[in-house]
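Visitor: Read off the chains here:
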Amino acid sequence: MDAFLHQIFSGLANGCIYGSVGLGLVMIYQATHHINFAQGEMATFSTFIAWALIQSGWPYWAAFFVTVAISFIAGLVIQRIILRPVEKSPVLTNVIVFIGLLVIFNSMAGWIFDHTIKSFPSPFAQKGMLVTPWFSAHEVGSALVMLAVLFALYAFFRFTPIGLAMRAAAQNPDSARLVGIRVSWMLAMGWGLAAAIGSVAGMMVAPVVFLDPNMMGGILLYGFAAALLGGIDNPGGAVIGGFIVGVLENLLGAYVIGTELKLSVALVLIVGTLTLKPDGLFGKQVVTRV
Amino acid sequence: MSTFIEYTKTKQFRWISSALLLVALLILPFLFKNYRVFQFNLVLVYAVAVLGLNMLTGFNGQISLGHGAFFAVGAYVAAVLMDRAGMPYWSTLPFSAVVCFIVGWLMGFPALRLGGHYLALATYAFALAVPQLLKYKNIEGWTGGVQGIVLSKPEPPISFSFLGQPFSADRWLYVFTLAVAALMFLLAWNLLRGRVGRAMIAIRDHPIAATAMGINLPVFKSVTFGVSAAFTGVAGALGAICVAFVSPDSFTVFLSITFLVGVVVGGLASIPGAIFGAIFIQFVPNVAEEISKSAPWAIYGVVLIAIMYMMPSGVMGLLKKIWAGMQPATRVDPVRKS
Amino acid sequence: MSKLLEARKLCAYYGPTQVLFDIDFSLEPGQITAILGANGAGKTTTLRAICQMVRTSGNLEFSGQQLVGKATENVVRMGVAHVPDGRGTFTSLSVDDNLKLGAYVRGDRAEVARDIERTYERFPRLAERRNQQAGTLSGGEQQMLAISRALMLRPKLLLLDEPSFGLAPLIVAEIFRIMRKINEEDGVSMLVVEQNASLALDLAHHAYLLETGRVALSGPAEDIKRDESVRRAYLGY
Numbered sequence: 000m001d002a003f004l005h006q007i008f009s010g011l012a013n014g015c016i017y018g019s020v021g022l023g024l025v026m027i028y029q030a031t032h033h034i035n036f037a038q039g040e041m042a043t044f045s046t047f048i049a050w051a052l053i054q055s056g057w058p059y060w061a062a063f064f065v066t067v068a069i070s071f072i073a074g075l076v077i078q079r080i081i082l083r084p085v086e087k088s089p090v091l092t093n094v095i096v097f098i099g100l101l102v103i104f105n106s107m108a109g110w111i112f113d114h115t116i117k118s119f120p121s122p123f124a125q126k127g128m129l130v131t132p133w134f135s136a137h138e139v140g141s142a143l144v145m146l147a148v149l150f151a152l153y154a155f156f157r158f159t160p161i162g163l164a165m166r167a168a169a170q171n172p173d174s175a176r177l178v179g180i181r182v183s184w185m186l187a188m189g190w191g192l193a194a195a196i197g198s199v200a201g202m203m204v205a206p207v208v209f210l211d212p213n214m215m216g217g218i219l220l221y222g223f224a225a226a227l228l229g230g231i232d233n234p235g236g237a238v239i240g241g242f243i244v245g246v247l248e249n250l251l252g253a254y255v256i257g258t259e260l261k262l263s264v265a266l267v268l269i270v271g272t273l274t275l276k277p278d279g280l281f282g283k284q285v286v287t288r289v
Numbered sequence: 000m001s002t003f004i005e006y007t008k009t010k011q012f013r014w015i016s017s018a019l020l021l022v023a024l025l026i027l028p029f030l031f032k033n034y035r036v037f038q039f040n041l042v043l044v045y046a047v048a049v050l051g052l053n054m055l056t057g058f059n060g061q062i063s064l065g066h067g068a069f070f071a072v073g074a075y076v077a078a079v080l081m082d083r084a085g086m087p088y089w090s091t092l093p094f095s096a097v098v099c100f101i102v103g104w105l106m107g108f109p110a111l112r113l114g115g116h117y118l119a120l121a122t123y124a125f126a127l128a129v130p131q132l133l134k135y136k137n138i139e140g141w142t143g144g145v146q147g148i149v150l151s152k153p154e155p156p157i158s159f160s161f162l163g164q165p166f167s168a169d170r171w172l173y174v175f176t177l178a179v180a181a182l183m184f185l186l187a188w189n190l191l192r193g194r195v196g197r198a199m200i201a202i203r204d205h206p207i208a209a210t211a212m213g214i215n216l217p218v219f220k221s222v223t224f225g226v227s228a229a230f231t232g233v234a235g236a237l238g239a240i241c242v243a244f245v246s247p248d249s250f251t252v253f254l255s256i257t258f259l260v261g262v263v264v265g266g267l268a269s270i271p272g273a274i275f276g277a278i279f280i281q282f283v284p285n286v287a288e289e290i291s292k293s294a295p296w297a298i299y300g301v302v303l304i305a306i307m308y309m310m311p312s313g314v315m316g317l318l319k320k321i322w323a324g325m326q327p328a329t330r331v332d333p334v335r336k337s
Numbered sequence: 000m001s002k003l004l005e006a007r008k009l010c011a012y013y014g015p016t017q018v019l020f021d022i023d024f025s026l027e028p029g030q031i032t033a034i035l036g037a038n039g040a041g042k043t044t045t046l047r048a049i050c051q052m053v054r055t056s057g058n059l060e061f062s063g064q065q066l067v068g069k070a071t072e073n074v075v076r077m078g079v080a081h082v083p084d085g086r087g088t089f090t091s092l093s094v095d096d097n098l099k100l101g102a103y104v105r106g107d108r109a110e111v112a113r114d115i116e117r118t119y120e121r122f123p124r125l126a127e128r129r130n131q132q133a134g135t136l137s138g139g140e141q142q143m144l145a146i147s148r149a150l151m152l153r154p155k156l157l158l159l160d161e162p163s164f165g166l167a168p169l170i171v172a173e174i175f176r177i178m179r180k181i182n183e184e185d186g187v188s189m190l191v192v193e194q195n196a197s198l199a200l201d202l203a204h205h206a207y208l209l210e211t212g213r214v215a216l217s218g219p220a221e222d223i224k225r226d227e228s229v230r231r232a233y234l235g236y
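Chains as they are written, first to last, in numbering that gives the first Met the number 0: chain A, 0 to 289; chain B, 0 to 337; chain C, 0 to 236.
One should not assume that every hint holds.
[Unchecked claim] Calculated cross-link-like contacts (lysine-lysine; reagent style DSSO-like; alpha-carbon spacing at most 30 angstroms):
id : chain 1 : residue 1 : chain 2 : residue 2
1  : B       : K10       : B       : K292
2  : A       : K87       : C       : K69
3  : B       : K292      : B       : K8
4  : B       : K32       : B       : K10
5  : A       : K117      : B       : K134
6  : C       : K155      : C       : K224
7  : B       : K32       : B       : K292
8  : B       : K10       : A       : K87
9  : C       : K224      : C       : K69
10 : C       : K69       : C       : K2
11 : B       : K134      : B       : K152
12 : A       : K87       : B       : K8
13 : C       : K155      : C       : K8
14 : B       : K134      : B       : K32
15 : A       : K117      : B       : K8
16 : B       : K320      : A       : K117
[Stated by the list, open to error] Examples of chain A residues lying across from chain B (beta carbon under 7 angstroms, computed):
id : residue
17 : F3
18 : I34
19 : G99
[Claimed, not checked] Per the computed footprint, the stretches of chain B lying under chain A, defined by three or more beta-carbons under 8 angstroms from a beta-carbon of chain A, are:
id : segment
20 : 86 to 98
21 : 113 to 120
Derived by calculation from the structure, the hints in this document are not laboratory data.
Don't be surprised by glycine CBs; every beta carbon is placed ideally from N, CA and C.
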């Protein structure tokens with residue numbers, strides 16, 4: 000029973016990470032109707048930046064927040080400079096550009112920081128009040144951090160004028176322009192936020208799986224599954240989807256198919272959702288006009 | 000100059016230049032060392048793989064980021080048949096083709112409901128999952144697990160020397176691969192040039208109009224997926240034969256991305272472009288790796304983005320523009336007002 | 000009196016296709032001007048041209064500032080509010096959110112809140128539905144919402160594209176009555192595109208008639224209304 004509970008809780012903790020990656024994907028999809036294939040590699044690169052700062056003596060939380068800020072700005076800049084020119088181009092062009100970004104970030108991480116596996120510190124003390132027999136301090140800590148991030152985002156979109164403007168720009172860019180919203184900057188900010196969320200996810204995951212350029216490769220897949228399961232246009236859905244994916248992955252891995260085929264779980268979830276229920280569990284029906 | 004261009008259009012020129020090209024291609028392997036010839040073989044293998052992907056993505060508009068998986072399936076089918084069933088190398092090709100056709104055709108069904116980036120996503124997921132599937136312990140008996148399968152290069156059927164170089168295994172494989180590749184290209188050209196090709200392009204550009212004109216979309220799209228997979232699968236089998244080794248880690252998602260680079264560089268929806276793309280993806284890493292282990296991929300990334308910006312139709316598109324620019328200008332009579 | 004909006008030799012294009020050919024028009028501040036014409040005459044395109052939603056060339060000045068080449072959101076920030084055909088409401092957002100967005104560029108939050116309350120006083124039906132999703136409103140209510148949202152900008156110029164479209168006559172009459180009231184009480188200048196010529200001519204002070212992208216006729220609305228030959232030839236009644 001203990002082992003079973005551990006799988007569940009650990010799955011929930013993982014689910015926070017998957018949900019956050021999925022959330023970043025949903026945010027970009029809502030704003031631009033594109034799937035950011037580079038989401039994982041951007042998060043990895045951000046984590047490397049944090050690592051470099053910590054290596055040169057910065058205290059953890061200073062490095063953390065600076066990394067988040069840098070990632071936000073980088074995401075914004077990438078959208079303005081690289082993605083804006085192909086905004087109106089066909090899907091294939093955009094997919095190719097995204098893959099290009101993926102590859103550049105991955106190779107830059109390897110070039111600048113080399114391919115040796117590095118350890119990344121966790122800010123959550125190994126001993127102390129958060130430790131229980133079912134989950135580690137880091138799992139609790141990272142879950143709390145992710146939930147705080149999600150909450151902050153929710154509040155931002157729900158209660159601030161800019162949050163409202165971003166939602167409007169994502170839903171109806173033409174009308175948004177007619178109320179004076181600078182839509183292209185809203186898109187850029189969406190990217191900035193997605194990059195920032197990704198960097199937090201990366202920094203929470205790195206202590207567990209260790210840091211190397213391919214760290215997020217598999218996790219990205221789980222993020223995709225979470226986003227699709229929840230409905231690609233539903234931020235809350237991505238979070239719930241993340242939990243489902245996390246728990247399923249652990250349970251199926253432990254009791255059904257063995258831990259080596261875990262990625263296939265994500266694959267099956269993705270293909271299954273796309274074919275059987277493309278709107279996900281919580282998404283809205285999208286009707287495309289002929 | 001213009002008379003030369005006129006001459007290039009004649010049948011005589013085409014026969015002569017084709018014959019010269021054939022001779023040049025056959026002499027080529029004897030002008031270089033074995034390792035270079037091995038690289039040429041890989042170029043041919045990649046050309047067929049890229050051609051397969053181009054059929055699906057360039058001509059038919061279905062984005063696949065998972066063709067590395069078909070390459071892997073084709074390679075493993077060939078390897079298993081050669082190693083476990085003792086079949087001769089040349090007989091494995093049809094099996095790879097058929098198995099990959101079926102897998103691709105089956106994948107075509109869910110793909111019907113997925114457009115654009117969703118299909119890209121699903122195929123990307125497939126490509127990511129394949130190495131894990133290949134390493135799965137329960138099928139290790141067949142696949143060789145993490146270590147893969149080691150094969151031996153086939154001996155050439157006749158032995159002789161030419162220009163001081165022996166007709167080695169690599170050189171024989173060159174001729175073999177060249178013949179197979181030529182056959183595949185001819186097949187593709189026949190397929191894509193006629194009604195089938197036009198239907199594929201119609202589906203890509205105006206799917207609803209295509210349906211209205213009587214093209215059976217689901218059948219067409221799944222069959223295209225299957226044929227595309229078969230082509231890349233044959234390439235995979237050829238690759239397994241030429242390299243004499245298959246292992247799960249040779250077939251990561253980055254292989255799929257490599258093929259995509261090949262398609263983009265050569266030119267979407269271009270058959271000869273596949274050759275340029277293959278040359279690019281085979282030789283750029285060799286050169287770039289001198290700079291850094293990561294440089295090839297950095298270059299791939301920059302190239303992908305740059306080409307989308309500057310010459311979306313790839314090398315072939317650029318060449319076509321240059322060629323068109325060199326044609327004598329057609330004279331247009333001023334419109335007479337009646 | 001200097002013109003609020005002046006167009007000289009204005010051309011507009013959808014891609015390579017030209018749809019407006021050297022049109023001239025001008026709007027006086029405080030007036031309601033109507034643009035009439037058949038389907039495809041270029042009426043909607045004229046409004047889009049003012050908001051720079053289509054490619055334009057020529058001369059287009061608003062309060063003395065050149066509009067050609069400006070981004071749409073910057074034209075809006077100069078005080079031009081546009082109610083597009085199809086209303087353009089944010090259908091998944093609430094009525095209240097739609098109104099707030101209308102005032103997005105304004106900095107005076109207290110005044111914005113007061114304007115929202117005024118809107119609810121003017122349109123009790125919107126007040127009832129303030130937290131409802133805008134997409135669930137009826138056609139007439141959405142039109143009221145769209146106009147109110149545009150007014151939240153406190154615009155100098157209000158552009159309206161086919162306000163009567165798809166609405167029952169009673170609702171249309173009410174909306175036009177409200178539009179006149181807004182013009183008279185708040186002094187908002189308006190440019191109204193309408194297929195329903197008689198309605199438009201009753202409301203407007205001045206009118207332009209477009210035919211295949213060119214100005215065929217212009218003059219005081221009264222004169223056009225009274226001129227039978229013009230009415231029969233161009234306006235169909």
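Visitor: With reference to the structure, classify each hint as holding or not holding.
Guide: Structure-based check of each hint:
no. : hint            : in the structure
1   : B:K10 x B:K292  : 48 angstroms, violated
2   : A:K87 x C:K69   : 20 angstroms, holds
3   : B:K292 x B:K8   : 46 angstroms, violated
4   : B:K32 x B:K10   : 36 angstroms, violated
5   : A:K117 x B:K134 : 25 angstroms, holds
6   : C:K155 x C:K224 : 27 angstroms, holds
7   : B:K32 x B:K292  : 25 angstroms, holds
8   : B:K10 x A:K87   : 44 angstroms, violated
9   : C:K224 x C:K69  : 36 angstroms, violated
10  : C:K69 x C:K2    : 20 angstroms, holds
11  : B:K134 x B:K152 : 24 angstroms, holds
12  : A:K87 x B:K8    : 39 angstroms, violated
13  : C:K155 x C:K8   : 23 angstroms, holds
14  : B:K134 x B:K32  : 35 angstroms, violated
15  : A:K117 x B:K8   : 61 angstroms, violated
16  : B:K320 x A:K117 : 49 angstroms, violated
17  : F3              : 24 angstroms, violated
18  : I34             : 4 angstroms, holds
19  : G99             : 3 angstroms, holds
20  : 86 to 98        : violated (count 0)
21  : 113 to 120      : holds (count 7)
Comparing the model with each earlier hint shows violations of hints 1, 3, 4, 8, 9, 12, 14, 15, 16, 17 and 20; every other hint is respected.
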